[in-house]
Amino acid sequence: MMGINTAQQRTLFGLRSRLLWRQFTGEKGRIISALIVLLIFGPMVLGISIASAVGYIQLEAPWPAQILGGVLVLLWVVWAVAPVFLGPINVSIDVSRLLVYPVTRRDMATAVLFGTLLDYPTFLVLPLFAAIVASWMWSLAWPFVLLGLPIAYLHMVIIGQIVMVGAGSILNSRRFRDLSIVVFSILGASCYFISQGVTRVLEEFVDLESAETFLLTWRPLDQLQWLPTGSIARAIEQGAAGNFGLATAWLGYSLLLLVGLGYVWLVLLDRLITGQTFSFGQADAPKAAKPKRARRSFKLKLLPEPLQSIVLKEIILTWRIPQRRIGMIQAFLLPVIFSGIYLFSGEFDGEFNGRWVGLFLIGYSYIPTLGFGSNTLAWEGQGLAMLFLTPASRRLIFQAKTVTSILLAALPIAFFTPLLFFISPPLPLLTGFFLALGFIGVGTAVVMLFSVWFPYPVNMDPKRPFAQPERRGGFIPTLMNVIGTPLLTGLLGIPLALPIALVWWFEWAWPGLILAVICAVYGLGVAWVMCGPAAEQLLKREPEILDALRAPEGD
Amino acid sequence: MKPIAIEAKGLKKQFDKKVAVHDLSLTVEQGEFFGFLGPNGAGKSTTIKMLVGLLRPSAGTATISGFDVWQEPLKAKAQLGVLPEGLNLYERLNAREFIRFAGTMYGLEKRDVDQRTEELLALMDLEDAAEKLIVDYSQGMRKKTALAAAIIHAPRVLFLDEPFEGIDAISVRAIRQVLDRLRSSGTTIFFSSHILEVVQRLCTRIAVINEGELVAAGTMAELRQKAQSDPDSTLEDLFLKAVGAEEKQNTQIGELSWLDGLPGASA
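As you go down the protein sequences, you meet chains A and B in turn. Counting in my numbering, the first sequence runs from 305 upward without gaps. Counting in my numbering, the second sequence runs from 1162 upward without gaps.
Excised from the complex, chain A in its bound form (with noise of 0.2 Å):
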């Protein structure tokens, strides 16, 4: 190719190919990561492409081609997409990487197209394209199909670097992954609520007849047909149908858009090669930073120092790292959640035993209690091992986890206990707010022990949020923590059956109250001194749950 540096591209497509086969020879880990991804993805693909495939064949004009535009201008969306929240989809080069060296930019955007056929997302739509390629190649459309699909496939890879380039300081920006985390996995935590809501507006609002009148009349691809990939269908569907003139104006308004756009890469290429940034908006200039002191509420200044400071510490350090906020904003959305589950399912009748109300609250503090108690030495993250060579006690270190841990696991029990009088009636309620204290006593307590004895490597790379960490805990630290840890709070919890029998089973409310009160007293009574074994046992095991926690070297 004239103007292309081959032994360049040669070695660049070299090194693609090296990456993607140590992939697999590599951890085993990555090769069961990628054997998952396939798992998950490639039936669920496969699914679509032969649904589509079937699409294609048998249904009569003009869905055939409002199909096959849904598919491809679908396929571009992702692609432009996805680099905003779940990361680059073709990662084959890194282009940052090769700024050091010799390499023009027309060779970086040949070596990344050509990278791309090495990536799993490609694999991915191949079924995609090879549904289209069976079903429309029969039809006098065979040209456009051949000419077509490349381009479409170079579509999806340059809208998805123009996004990467052009958009790649703030999506690599700590703050926009921090937001996207906690973002995404609230949508995905209220996806069966939002369904359901958005089912019963339709139900209530929109006219059944009028709905389906509008979807056997639409025509989706008269708008998708103006979108980079839509105009490739509308020259398939005007090529199969014999107006060669109209499929191939279609065809190379797509191949124009594809030059602009092309064109577009290559200036954010080069404003990256030459060192300007690219950037919406103008740049926020440095502000001064005012020095604050540390906010603390009139509650923590009740916990006598040191304790008071390494509570503090714990709380900001839940709140900011964004996959355990999750787990505090989750704490007070899934009891709505699983209320809207209730009331939208279809089992509500309209009458509402509020007796029970003070069960759910037990049975649901087990929730933020293993949210925010387990693996609690794992979160640590580097810092473990600047705690593991300071001197304080390590008593105090579980005291300082074990009421942070208490506290944000209690905070949505007290938060719905005031708004679940309105439904329930105060004795059964008021028992089950002390259980559910006790129960999160107790189960802390197991949890604190637990993540001595079974700790296992988390997950704290905001670039790479819903990835599987490096290294894994291992069978025993698993199957302690999914099964030996409920074992043992029910255990540990068993005193609490006997309030729960007296006010649920005997209805004898006063006495279940008295003893429900005492429970509390009990589960944190547990907790604190858990601590002391759970501090005894960190003493010895240091360096070793350090080696377990420690991310993989040499990567």
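Hint data in this document are derived by calculation from the structure and do not stem from the laboratory. None of the values given here were measured: they were computed from a predicted structure. Certain hints may be false.
Unchecked claim - The calculated lysine-lysine pairs, modelled on DSS-like cross-linking and capped at a C-alpha distance of 30 Å, are:
(1) B:Lys1163 to B:Lys1236
(2) A:Lys605 to B:Lys1271
(3) B:Lys1173 to A:Lys844
(4) A:Lys844 to B:Lys1236
(5) B:Lys1173 to B:Lys1402
(6) B:Lys1170 to A:Lys844
(7) B:Lys1236 to A:Lys605
(8) A:Lys605 to B:Lys1293
(9) B:Lys1387 to B:Lys1409
(10) B:Lys1236 to B:Lys1271
(11) B:Lys1236 to B:Lys1170
(12) B:Lys1179 to B:Lys1402
(13) B:Lys1179 to A:Lys844
(14) A:Lys844 to B:Lys1178
(15) B:Lys1387 to B:Lys1402
Dock chain B against chain A, hints included.
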């Protein structure tokens, strides 16, 4: 004789079949500025981790100011300040919060913690960035933060692993002055660095480790004498000789003849 600040006896660390540190024994007296050198992968960081209690040795003992690191870990750690290789920072705290936290964990009074934190932030030129999260810091800022946290309690023994790497000249000077002051007040400094000029200038005694074994130790004069080098030889000369790299490197450099005839360059 001065009291012993750091003592390692027969320290050994084996990872599977690889022996990273083999039978290492050394003694550092109170108030010494002790340089600990070695090529990459020689076992420096492994040794430091064993001395400060972050890595359990396969054999041998380590004591800090007379406290066995593994028998009385909290007493030993109370004497220590450590700037480790990996820095070990709480990335989601800001510098002020982190240094304060470190001070609290070393048992300082709240008033002292607050005062020393502000002084250290000023010294390290971190005041303007003190409210930014550490995760957003440059490497140099992270190192200065870690160093501030390591010295906030005025430790009796300070371990520094590559303290000047990635730090600007102004901060290097400030840190050197702090280290001088710490040493004059009796703090023992165990200093590991690849910048040999700095080691030669600052350290009173130097040890060289290679392939897990201690191959040389002493003052500059003693090292010159042992290596039978001339009195003007630098630490770099002595170091290369001690690890056996001098001759090998000279041969290898000689082979790079293609470096001589650069186009357009006059001889």
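Could you work out which earlier hints the structure fails to respect and list their numbers in ascending sequence? none
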